[in-house]
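S.K.: Chain by chain, the residues run as shown.
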Amino acid sequence: QKEVEQDPGPLSVPEGAIVSLNCTYSNSAFQYFMWYRQYSRKGPELLMYTYSSGNKEDGRFTAQVDKSSKYISLFIRDSQPSDSATYLCAMRRPNFGNEKLTFGTGTRLTIIP
Amino acid sequence: NAGVTQTPKFQVLKTGQSMTLQCAQDMNHNSMYWYRQDPGMGLRLIYYSASEGTTDKGEVPNGYNVSRLNKREFSLRLESAAPSQTSVYFCASREGSANTGELFFGEGSRLTVL
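Chains Y and A are the protein sequences, given in the same order.
If you're matching positions, the first sequence starts at 120 in this note's numbering and goes up one per residue.
If you're matching positions, the second sequence starts at 74 in this note's numbering and goes up one per residue.
Hints are computed from structural coordinates only; laboratory data are not their basis.
What you are looking at is a predicted structure, and each value in this text was computed from that prediction instead of being measured.
Nothing false has been slipped in among the hints.
When the alpha-carbon atoms are kept at most 27 Å apart in a straight line, the in silico DSSO-like pairs for lysine-lysine are as follows: (1) Y/K161 with Y/K121; (2) A/K130 with A/K144; (3) Y/K189 with Y/K175; (4) Y/K121 with Y/K219; (5) Y/K219 with Y/K175; (6) Y/K175 with Y/K186; (7) Y/K161 with A/K130; (8) Y/K219 with A/K130; (9) A/K144 with Y/K219; (10) A/K144 with Y/K161; (11) A/K82 with A/K144; (12) Y/K219 with Y/K186; (13) Y/K161 with Y/K219; (14) A/K82 with Y/K219; (15) A/K130 with Y/K121; (16) Y/K161 with A/K87; (17) Y/K161 with A/K82; (18) A/K130 with A/K82.
All chains should be modelled from the sequences, with the hints used to inform the complete structure.
M.R.: Pasting the structure below:
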């Protein structure tokens with residue numbers, strides 16, 4: 120079983136819809152949670168970062184962490200065609216081995232104009 | 074500001090050939106990384122360098138070697154390429170602490186081993 124599970128999609132939604140992207144994980148030691156966005160043929164770029172449980176909002180994006188359920192979500196409001204990309208969740212244990220960041224496999228999202 | 078630059082962007086190798094992927098960053102970051110990305114597997118860490126002069130193995134180091142040439146440059150070498158090393162390779166650098174620092178990625182190097 121993978122430490123981090125993410126539905127690969129693809130997910131297609133009409134422009135303006137609310138998008139929900141999710142990851143589940145098995146290791147309760149994860150404390151730092153991130154969402155990266157990766158456009159086609161490009162490298163990932165950090166979109167949202169959250170520590171422990173709770174919500175964090177940045178413009179049209181909201182990241183949510185539920186540690187009791189080992190479940191994280193990224194919500195995109197008023198989705199735009201420019202949001203079409205692959206979204207990768209990532210998480211890390213504090214001070215573990217200096218550098219281990221575990222990524223999900225990514226969900227490919229297409230926003231239809 | 075170029076960020077993280079990788080060369081080459083594309084490469085085709087025959088089994089047994091060797092090659093080096095080059096990476097340079099201009100953000101004065103201490104830590105640098107090499108990842109590979111495969112369908113259904115996500116990003117997996119090959120090697121990393123926490124600071125100039127140090128390198129450490131990640132999840133999937135077999136078949137690879139690295140060199141941290143200076144603070145800016147971190148290269149990945151395949152000594153004897155195998156078809157299983159067909160992948161997209163990403164170099165990254167990090168600002169800030171190990172827990173919270175953001176990773177900055179290059180655009181990737183697409184390698185095919187025949």
